[in-house]
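Chains as they are written, first to last, in my numbering: chain A, 1 to 308; chain B, 1001 to 1308; chain C, 2001 to 2308; chain D, 3001 to 3308.
Don't read these hints as lab results, they were simulated from the structure.
Note that the structure is predicted; figures quoted are calculated from it, not measured.
Misleading hints may appear alongside valid ones.
Said to hold, decoys possible - The calculated lysine-lysine pairs, modelled on BS3-like cross-linking and capped at a C-alpha distance of 27 Å, are:
| id | chain 1 | residue 1 | chain 2 | residue 2 |
| --- | --- | --- | --- | --- |
| 1 | D | K3150 | C | K2279 |
| 2 | A | K290 | A | K279 |
| 3 | B | K1290 | A | K150 |
| 4 | C | K2150 | B | K1279 |
| 5 | D | K3279 | D | K3290 |
| 6 | B | K1279 | A | K150 |
| 7 | D | K3150 | C | K2290 |
| 8 | B | K1150 | C | K2279 |
| 9 | B | K1290 | A | K9 |
| 10 | B | K1290 | B | K1009 |
| 11 | A | K290 | A | K268 |
| 12 | A | K268 | A | K279 |
| 13 | B | K1150 | B | K1279 |
| 14 | D | K3279 | A | K150 |
| 15 | C | K2150 | A | K150 |
| 16 | D | K3290 | B | K1150 |
| 17 | A | K40 | A | K9 |
| 18 | D | K3290 | D | K3268 |
| 19 | C | K2009 | D | K3290 |
| 20 | C | K2279 | C | K2268 |
| 21 | C | K2290 | D | K3040 |
| 22 | B | K1290 | B | K1268 |
| 23 | C | K2290 | C | K2268 |
| 24 | A | K279 | B | K1009 |
| 25 | D | K3009 | D | K3040 |
| 26 | B | K1268 | A | K290 |
| 27 | A | K290 | B | K1009 |
| 28 | C | K2150 | D | K3290 |
| 29 | D | K3150 | A | K279 |
| 30 | D | K3279 | C | K2150 |
Protein chains: 4
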Amino acid sequence: MPLLTEAAKGVYVIAVTPFSDNGDVDWTSVDRMVDFYQDKGVTGLTILGQLGEAPKLTAEESREIARRVIARANVPVVVGVTAPGLAPMRELADSVMEMGAAGVMVAPPWTTRTDDQAYAFYAVVGEALGQTPFVLQDYPLTTNVTIVPKVIDRIIRDVPNCVMLKHEDWPGLGKISALRASSDRGETRRISILCGNGGLFLPEEMGRGADGAMTGFCYPEMMVGVVDAYGGGDVERAHDLFDAYLPLARYEQQQGLGLAARKYVLAKRGVIASPALRKPGPSLSAADIKDVERLLSRQARRLSEIGA
Amino acid sequence: MPLLTEAAKGVYVIAVTPFSDNGDVDWTSVDRMVDFYQDKGVTGLTILGQLGEAPKLTAEESREIARRVIARANVPVVVGVTAPGLAPMRELADSVMEMGAAGVMVAPPWTTRTDDQAYAFYAVVGEALGQTPFVLQDYPLTTNVTIVPKVIDRIIRDVPNCVMLKHEDWPGLGKISALRASSDRGETRRISILCGNGGLFLPEEMGRGADGAMTGFCYPEMMVGVVDAYGGGDVERAHDLFDAYLPLARYEQQQGLGLAARKYVLAKRGVIASPALRKPGPSLSAADIKDVERLLSRQARRLSEIGA
Amino acid sequence: MPLLTEAAKGVYVIAVTPFSDNGDVDWTSVDRMVDFYQDKGVTGLTILGQLGEAPKLTAEESREIARRVIARANVPVVVGVTAPGLAPMRELADSVMEMGAAGVMVAPPWTTRTDDQAYAFYAVVGEALGQTPFVLQDYPLTTNVTIVPKVIDRIIRDVPNCVMLKHEDWPGLGKISALRASSDRGETRRISILCGNGGLFLPEEMGRGADGAMTGFCYPEMMVGVVDAYGGGDVERAHDLFDAYLPLARYEQQQGLGLAARKYVLAKRGVIASPALRKPGPSLSAADIKDVERLLSRQARRLSEIGA
Amino acid sequence: MPLLTEAAKGVYVIAVTPFSDNGDVDWTSVDRMVDFYQDKGVTGLTILGQLGEAPKLTAEESREIARRVIARANVPVVVGVTAPGLAPMRELADSVMEMGAAGVMVAPPWTTRTDDQAYAFYAVVGEALGQTPFVLQDYPLTTNVTIVPKVIDRIIRDVPNCVMLKHEDWPGLGKISALRASSDRGETRRISILCGNGGLFLPEEMGRGADGAMTGFCYPEMMVGVVDAYGGGDVERAHDLFDAYLPLARYEQQQGLGLAARKYVLAKRGVIASPALRKPGPSLSAADIKDVERLLSRQARRLSEIGA
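Same shape as in the complex, but just chain A (with noise of 0.2 Å):
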């Protein structure tokens, strides 16, 4: 499988963890959670992200699903390999590269404070992978840490395997920006730029120069749509696609409950078989459901509308 590059673009999307309803990993479901992504046209995945549920896998699961993913997927596969320390992150990293993953990616701590602490980390993760190319996860919301452009900026100039930014900063249109300022001034290389977010501001994030998105709402061809549309230099359109389907991703933009509405949809789908979060997790209401099912019908009626 080829490495990560600078040049990466489009959709890598969030894969969940496919459960039983007893807890257990789901292999069938993973083998056609991956099918159904590549259908709907992604053009890659990451899994073992830090808002999934890879810190409740484990050492062995982790690798298990991996393997598995890897193995069928005929996209790259980026994982997250976020650890408490080097050691563990990297043996993690240097296991799933051999299994043939794309690239992985890595969040700060959440002690980090100050901007000479965030290119510190970095700088010495990029060292530790070696050869391997890293997604430089910056999520302030969950993470805590705030990454300003001249550090990432740093980062980029003295960290050559840093071949993308996932973008998850809110607000962060700026940010992109600021990035795309740099190195179209010549002043730091051009590196890939994904989205993620839940989506909720993609086009606009695609109007500032994004690459495309790294982001896991429950569809998947919304993103893959607004993508291409943007591409395709057709602006409106991609914003008529996103419109239509904002209600529901707003709504999955709910922390912890979002997901268990995008395992529901993703079930009804007949992507995953059972809509079930591992132990501890939260799981929908009747009045949840409720909200979901009027926002898929009138979802359902509004791309109709449209043409989609």
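Fit chains B, C and D to the given chain A structure using the hints.
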């Protein structure tokens, strides 16, 4: 002016603080803004809130704005009086109640950590305020304080002048359901619940038993329309209206920048003379303005399609 | 009264706010406290600090305390003016400078996250204060804001009225060393560095180049003695004195309860009439008082052993 | 090896992780360290703790260290098994219990905010661990989680395998008093309470009913001596010993740097071959070493004065 009670309903819009380009309070715009909100059908006004620019005002300016708004408004005015100590809080509360405010709003200090601390804080607040009715502002994203439903229930039971919840937890639909279940079972008073978060979950919140909105989206007619449609039983109409405004409401949900976008639109609508925030504060970039303008023109088109 | 300058040295004790048992400000104790601190040899007084009970005062009480202390003191008085916005901060600063304060002290807002935000905050503070000299209060444990040495250096370079650092980072010895190295190399002005944290690292801080202490330990004679012994070159004597008081200084280092212990001792020493904190605030339990009494009697014995 | 019970008393020293200068685990020093701690009279050993360097170990190294320490030790060994999810926590716990550990220790995730979340976390932990006894690690300064006494009481009541509290709240003397009052009234089991925070409040903690210490101060003989003197009823002797070591114990209480100081002293004492922390980690500056050396020579003098 009658006092705020548990029966309050509708939209208590969070007012912005209008400044001239040079940073002075713009009194003419203050007046025009009061008229504008009333013309759009709001039920009440909320001023000197946490997220507005109240902390940038001198004590004298705060009091003068309260005096001006209360004198001009024909609807009840709620005044934010959150302060680092009880004495200054009570001082401001007494002063605005004397001017004719309907009630005050209080957020917990960000150092509050435990259930008992949250309860104790509102118990002493309630006692310190005496006869003045107050709004419990539950806004974890800004205050960093989580108050679970059973603690709110305990406050409602023991603190008689707590008459309203400004509900701004996220996700928070389950919280509304829990609080309504308590009062339906007769375990607590049924107090007024008005919702914040820029209105981003307003139709679903109404579905859970909220009484309306208390937030500052730049099109108060959206909130008034959604609340009215819901009250009239036309849930789909409520969603149609909501969906038309959602792309802009979402854009306003960017901390800091969102307020700049809100003021930009209010200035464009002729409500306030200048979109300027008092220093220190962000301003929109050319790219931000382009985003907002596209959203405005798409919104106008969509509103006309749905006959609104 | 002369203004605060970079040459300030010695002990600027953080004064408590004396209240009667009923919660009123106890003006007689305010006067006696000023006299007591001066009798013990302090070089200056610091009032209305973050950790004292200043936030519990009304605006009028704050101003009245400042007026009273400044009028009675023969030493320079620094006044804490930290506020959520520039306008109220400047308002209080102008008012106390007119009363004869020597300077003011400003802590950053707890939402400050990045190097540039910290710098920008003090740049606008410096401009807003005009000719008034100010103390940069660097207290991460309370403000949740980390300001690295190079950012402080940048502030010192660009903001001429920043004349003192209240150093309260922990661990922070390396920070003093770094700041002194910068000024020794001629890269920045050498400003005054007075240390906080209850004096818990005072001898080592003096060894790194601090100019004294700015904290509120209930035996100001310890701080005066340590600073004098260090200044006179008798490092071992400085440590002997320090060690004798350390068990109590450590006990005072309990957030919240420490202030109650401090007031207990000051009341026992006849400085303030009542040990009461204004509500809401903790009070010592019988077990706490037993602890403090044992520490006091052991301290007296040890002081006599070392001839102090 | 017998299992940990509520009756545990004495000093369960927190062991460091010895590395060579090149960052490899130094197995010879691991053995020597176990012997050293036992020679100094500790009752138990605690390994793979949060604040040590356990997060920097690979899974394989962690297991190997546990195996080595458990095999060599004649005293009970408690193993830290805190992990981001239940499955990996249980995996490590099962593995070390099979090796002969006496019990495990679990800290709450830093996202825990409310009383109910803290309770629920330990309820599922207790269930997941089955027959394995565990230590509730209550360390707000690091975990950012506050657990009030009544929540701990609730956990003690409902979770039978919670047999020990590692008490590390600060201030926390009142917490010990409250927990002991509950069990004295027969409302809860009396579990073992061992105290952390570097031993900085050890004599007072013993006075409130603690059963000993669980922390890593580089002179374990101080903790053993204080606990023994207290147990023997000689409170003043306990304080004399404590005071002699306090200046150094306080110096060790600097986050990050304190561990470097601890390893420096352990290396100087011949326990570990190298004072090196695994990267990334701080090292002592020349000025830090000068500080530590002065404290050591003053400490030796003082110990000889008091005949210890």
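Tell me if the straight-line CA distance from K3290/D to K1150/B falls inside 27 Å. violated (55 Å)
Please work out if K2279/C and K2268/C have their alpha carbons no farther apart than 27 Å. holds (21 Å)
Taking only the CA atoms, is the gap from K1279/B to K150/A under or equal to 27 Å? holds (23 Å)
Within a Cα-Cα threshold of 27 Å, do K1290/B and K9/A meet the stated pairing? At roughly 24 Å apart (the allowed maximum being 27 Å), K9/A and K1290/B satisfy the hint.
Can you confirm whether the C-alpha distance between K1290/B and K1268/B stays at or below 27 Å? holds (14 Å)
Mind checking the alpha carbons of K3150/D and K279/A for me, to see if they're no more than 27 Å apart? Holds, at roughly 25 Å.
Can the restraint linking K290/A and K1009/B be considered satisfied, given a maximum Cα separation of 27 Å? Holds, because 24 Å separates the two Cα atoms, which is no more than 27 Å.
Holds or violated: K3009/D and K3040/D, Cα atoms, limit 27 Å. holds (16 Å)
27 Å Cα cutoff - pair K1290/B, K150/A: holds (25 Å)
27 Å limit on alpha-carbon distance, applied to hinted pair K3150/D and K2290/C: holds (25 Å)
Can the restraint linking K279/A and K1009/B be considered satisfied, given a maximum Cα separation of 27 Å? Violated, at roughly 39 Å.
Run the distance test for K1268/B versus K290/A: straight-line Cα separation, threshold 27 Å. Violated, at about 38 Å.
This entry does not satisfy hints 10, 13, 16, 21, 24, 26, going by the numbered hints stated previously.
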